[in-house]
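Put the complex together from the two separate chains, hints included.
Protein sequences appear in the order of chains R and E. Position one of the first sequence corresponds to residue 1 (our numbering), numbered consecutively onward. Position one of the second sequence corresponds to residue 339 (our numbering), numbered consecutively onward.
It is worth saying that the hints were derived from the structure and are not from the lab. Please read these numbers as outputs of a predicted model, since none were measured by experiment. Some hints here could point you the wrong way.
Claimed, not checked - Taking lysine-lysine and the BS3-like style, the derived pairs with C-alpha atoms no more than 30 Å apart in a straight line are: (1) K690/E to K474/E; (2) K139/R to K33/R; (3) K398/E to K705/E; (4) K443/E to K84/R; (5) K221/R to K308/R; (6) K423/E to K131/R; (7) K84/R to K705/E; (8) K443/E to K33/R; (9) K308/R to K517/E; (10) K221/R to K139/R; (11) K131/R to K308/R; (12) K690/E to K663/E; (13) K443/E to K29/R; (14) K221/R to K84/R; (15) K29/R to K84/R; (16) K663/E to K517/E; (17) K84/R to K33/R; (18) K84/R to K113/R; (19) K131/R to K398/E; (20) K474/E to K517/E; (21) K131/R to K221/R.
Claimed, not checked - Calculated Cβ distances over 12 Å to all of chain E for the following chain R residues: (22) E53; (23) V79; (24) E132; (25) G143; (26) A144; (27) T153; (28) A213; (29) G330.
Glycine included, every Cβ here is placed at the ideal spot set by N, Cα and C.
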Amino acid sequence: MKKTMILGAMAFAGLAAGAASAGTLDDVKARGKLNCGVTTGLVGFAAPNANGEWEGFDVAVCRAVAAAVLGDSTAVEFVPTTGKTRFTALASGEIDMLARNTTWTFSRDVDLKFEFVGINYYDGQGFMVPKELGVSSAKELDGATVCIQTGTTTELNLADFFRSNNISYEPVPVETNAEAQQQYLAGACDVYTTDASGLASTRATFDDPASHAILPEIISKEPLGPLVRHGDHEWGDVVRWTLNAMIAAEELGVTSANIGEMAAGTDNPEINRLLGAEGTLGEMLGLSADWAKNAIASQGNYGEVFAKNIGEDSPVGLARGLNAQWTEGGLLYSPPFR
Amino acid sequence: MSDQKTNSIAFVADGTIPPSPPPAGETGPVKWLRENLFSNAVNSALTIAALLVIYVILSKTLPWLLNGVWTTNSLAECREVLQGKTGACFSVLTERWNQLLYGFKYPGDQYWRPNLALVLLLVAIAPVLFFDLPRKLLAFTAIYPFLAFWLIWGGTILAPIVALLGFAAGAFVFQTYGKSSFAIGFFGAIVAAFAVWLIGGALIPDGASDNAMLQAVPSRDLGGFMLNLMLGVTCVSLSLPLGIALALGRQSDMPLIKWICVVFIEFVRGVPLITLLFVASVMLAYFFPPESTVDLFLRVVIMITMFSAAYIAEVIRGGLAALPKGQYEAADSLGLDYPQAMRLIILPQALKISIPGIVNVAVGLFKDTTLVSVISMFDLVGMIRGPILASTEWNGVYWELLGFAALLFFVVCYGISQYSQWLERRLATDHR
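Isolated chain E, as found in the complex (with noise of 0.2 Å):
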């Protein structure tokens, strides 16, 4: 019987059919583009539009890309390879690669050192980013500053030992005495760093500099791309705290210092940066006598980071108004002090509402570096707009120069930025 009906009835199917494909309009690349590029005519028109857009752009930019000249000593030879063909003259980055980076007075044999200053900040900096690394490591970036310092200016080593140990005696002093008055500590530690300095500036020798194991390099010969670095890197961290301290003063009860916070972060405000710029270039130099100026670089790096710290203590500000009041008094009601409350309940919560509004400052701050070119600095767009665009062989040439000035500002920013939206993701606790 079982036989019979096997092999007599011929519809009943004796296993599963296998699915077959779906349409060929409904599967693949057809699908993704019938849904996301032609769903209707308004959508299709925009697409071909844009296609059309794109193949202009990649129709002008790459021939003018892959015909690009690297080899060459000059313009003049580039347009000779060219023979009126469109196409790029790199050769001025192959050239002048080393000015654009590095300034064109850093001597070429010490390149090592801001680079192995970079490597070892990128060290410095992993702790105080990703707080999942070892806590140990801080310690090296507590020492990080007078170490880049050293590598690269150069000159005795004594001079940055003398202001980690100025730093030193000062920590000290606070650790002491701070606990039984906070005043007491806060002054004692700063006199106790100036006389260290004091002491010790005066007990380097003349002429410590002139045989030292790393060639002094002074300010005016740091340049290009390196500069901004070192300028967008200094100024934002001395601005975060000094941003933090002013966002509290200002909301501080004791009228002296809330006037002072006020006045400070108005008046910066509201003075351009570049106004700050020239008083640190111009009329400094009449308050000192000619032979004793504060080194440009500092002056600089004083200027920018009062105007970011103005910026930054606002974006605090906001920060912490959002917090509600009941965090205050709940810190208040656990008996917490002032700085504990602060330290474990307000600030932990109001930094991290204030995160894009810091990143967002800090990535203008570091574009703004390049406004330094114009108290003839040579920073990367000093350098371009400067000597190279000055000089004989290479004057017209535009795209280019600032091309790679763009992607190299683009690689940082975006760095930033990516770090930034890791960070929100990271501190997230509200499980919206």
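In isolation and in its complexed conformation, chain R is listed as follows (with noise of 0.2 Å):
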């Protein structure tokens, strides 16, 4: 009885969902609010502050496609997703998009049915060692302790990049990331071991952070971004444009300090067309001509976001690495707007 009424609920949801997603953009225009899918908190990336207000990086995405559809960049109801909440609560229609630093990987895009509609972050798993240990390559760690969380694949990919190369470590065990903190600050271990953005992250809270160094080495690929149901493209090309408009602006020069001056034209056709002042681009996707300026000019372009939010500057630090243009070494590529 219990397998049929899973059975029942499944068929309910594809009914559900294929139901939901007819035509998105038109339900968020009609609604006048965007609804989107966060973290229930993550430094850097998604968390209110004192006054309650969401801030971070992912939370700059949901904002710049309220910008960019409503005009509005505070249009948005943000829903707090747990790890095992976010699928279900997009594929039921409680959420229009989800930016929740999500790893786009083949089963979560074709199974599971979603759309990951670009990358606007690559994290990959890195270490982190005390200075004093005086090691500089991921390579140089044989015969190490590594604090490691069990039951992900950052174990796996451990023991890949170790047998790899063939040099031996020691693993210790953790549950939870504040349990590998308190181990690896002890002593327990000499390398700790997970994504290079939560290393970052971790290393902020220390009390002192200059004293622990995270090696060059990725040693695996997490290519995080936000996702939409299959089967509605035209609200994924808006919130894939949006994206794009923010990594293009960048490329491009635009920030939302110049904006203004750039929006009333300028030598390059392509910002003209990014822009509104040439083109029809905005009324291709079903939008207003300075969709993407308005995204632009509230959260301002890739490099302002990742500077004000995780940048050197900020608490927590991170580099840019493959998250610069690729212009500058980086992957962020964005096709061109034409």
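Structural data, given as structure tokens:
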């Protein structure tokens, strides 16, 4: 009986998802508010401040989409989701998009029927060591004790990395990031390994962050990006190109400070097309001509958002690394606005 | 003669000798110490060991507590102030106390509303808990749920009034027809209540909440310890009557009612609460169209109530089973019908036996309300684990926040426990 109930629920879920995905753009416009799924709290990426306003790197994507669609970056209803509830919230139509440091994987894209519209952060597994250890590369970690969260993909990546480099290590299994932090500070392990952004935010909470170094090796791929439901391509396009607009704006030198004068018209036709002074790109998306201008004016370009929330001058202190523009050796590469 | 007697015989006492103080070893703190702490070698060793443990604990925690910093704006500033000394960073409590108590989205200028609701809760619950108080106060208890709903959620006052009228209509129908036939009265009351709610709901104009006297606050904006208290109070008060009904239903002679109750209790007890919560937050979202979902708070209340009702039913069944058969037969021989026998003879005794068990369930339930943090509701623990520890200012503050949460829960749970002990003493009639 339980099985038939679950099957029934799944069939119903398919129907409901199908029904909900017909015209998300129109739904959002009619509602006057974007329902955006975020995490319940991750340093630098999404967290409410003391006044209860959401801030962070993922939050900026939500706000930019709201600014592009509705012209108002505050017209967002943030729906906090946990790792367990995020996909059902999106599939059931409770949220219009999910911007919750979610790794783009094959099964999530294909099997769970979501559409990753792009990548806003290239993450990967890294290592943190105390500087007094005098280690400058992960390949020098032969015989080290490593704090590792059990039951995660990081555990498997770690084993692969050490085996392929033919060096040995001794794992110290821990359950949560908080526990790992305590163990590492107490000296129970020489090295702590998890996602590089997580390492940076953990290090930022230390008494003396400067005495710990994050090693240059990144041993896995964790592309994080916003996602929408399968089957609603108009809405997927809106989110995809809002993200691309922020990335392209950095490449083209458009910032929230100079956007006013740039929008009036420049010598660069791509900037003019992006900001709506030329062409009909906004109309093709079903938005107003100044959609990208609104998004960039409210949140800034990709580089500004990065610097404000997680960049080197912020408490999290992440270097651009892979997340630099392709012109500067990174992976950010927006297709042309044409 | 007599004169000579008194003066010449030196050893005759002319008054009572005042009692000497007991030897120093047999009085005051010294005696107490010797008898209780150092009565023999083993006890002395244990005493010294205990003192050492207490000293170690205090020497670690006292500097931490006393050096606590209360006025900074971030953990980094706390560390600057402390300069490497041991000390707590209580600033997180002074900066985020409102988020811990009310959640991060409840409008700040409206905090008086949940505060007032809490004060009125104490007034409303007093006549239920302390039956020496005048019974007329129960009228306020009956109105309180609707008043509290209006205070906390705000919006139009018409909604709680219609809800109240529905219950009133149901009660009226039951009073009128329930005497002649229980079934007609019972189902008639349900029909009447729903009729009032449907008609009344249709009469409330759209947008009545927009310019209401109290600004409307959606359920999603509730949070903090307020959410724990609301869930705890609502679910305990709903699950107690439901649990009694289930316990009686399980002992019923009517097979249909009996099996419904058995299946319900066994199914709900056999499923972890966290599973029910996931069903409430995740599965049910699939069954409703996106725009017309049942409020998440309501879904969670239903699930927790079902869960604790099943447990309370089993506790009360234990109480019913503990009564000698003679009590049931005595009720029958007095000519009482089933409701009268239950109300006057059986339940008063069975419930009294069940008090420790019921309180156990209630305390456990109250603490279980923190589980809602896994379905992304920001109760006290959810606020700590999510937004506060994820803010760049306070990432890394664990002891202060979780200690504060533990303190709040301890105060409430200890209060419940003390009340139940008072109640047991008050109801003790067996002259043991």
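Status of the hints after comparison with the structure:
1. K690/E to K474/E: holds, 24 Å
2. K139/R to K33/R: violated, 50 Å
3. K398/E to K705/E: holds, 28 Å
4. K443/E to K84/R: With a Cα-Cα distance of about 23 Å, the restraint between K443/E and K84/R holds, given a limit of 30 Å.
5. K221/R to K308/R: holds, 24 Å
6. K423/E to K131/R: Since the Cα atoms of K423/E and K131/R sit roughly 23 Å apart, the hinted pair holds (cutoff 30 Å).
7. K84/R to K705/E: holds, 22 Å
8. K443/E to K33/R: Since the Cα atoms of K443/E and K33/R sit roughly 17 Å apart, the hinted pair holds (cutoff 30 Å).
9. K308/R to K517/E: violated, 72 Å
10. K221/R to K139/R: holds, 18 Å
11. K131/R to K308/R: With Cα atoms ~27 Å apart, K131/R and K308/R stay inside 30 Å; holds.
12. K690/E to K663/E: Given that 30 Å is the threshold and the Cα spacing comes to 17 Å, the pair holds.
13. K443/E to K29/R: At roughly 24 Å apart (the allowed maximum being 30 Å), K29/R and K443/E satisfy the hint.
14. K221/R to K84/R: holds, 21 Å
15. K29/R to K84/R: holds, 29 Å
16. K663/E to K517/E: holds, 28 Å
17. K84/R to K33/R: Holds, at roughly 25 Å.
18. K84/R to K113/R: With a Cα-Cα distance of about 16 Å, the restraint between K84/R and K113/R holds, given a limit of 30 Å.
19. K131/R to K398/E: holds, 29 Å
20. K474/E to K517/E: holds, 24 Å
21. K131/R to K221/R: At roughly 25 Å apart (the allowed maximum being 30 Å), K221/R and K131/R satisfy the hint.
22. E53: Per Cβ check, E53/R is inside 12 Å of chain E; nearest 9 Å; violated.
23. V79: violated, 8 Å
24. E132: holds, 17 Å
25. G143: Nearest chain E Cβ is 30 Å from G143/R, so the label holds.
26. A144: holds, 24 Å
27. T153: Holds: least Cβ distance 21 Å, greater than 12 Å.
28. A213: holds, 19 Å
29. G330: holds, 24 Å
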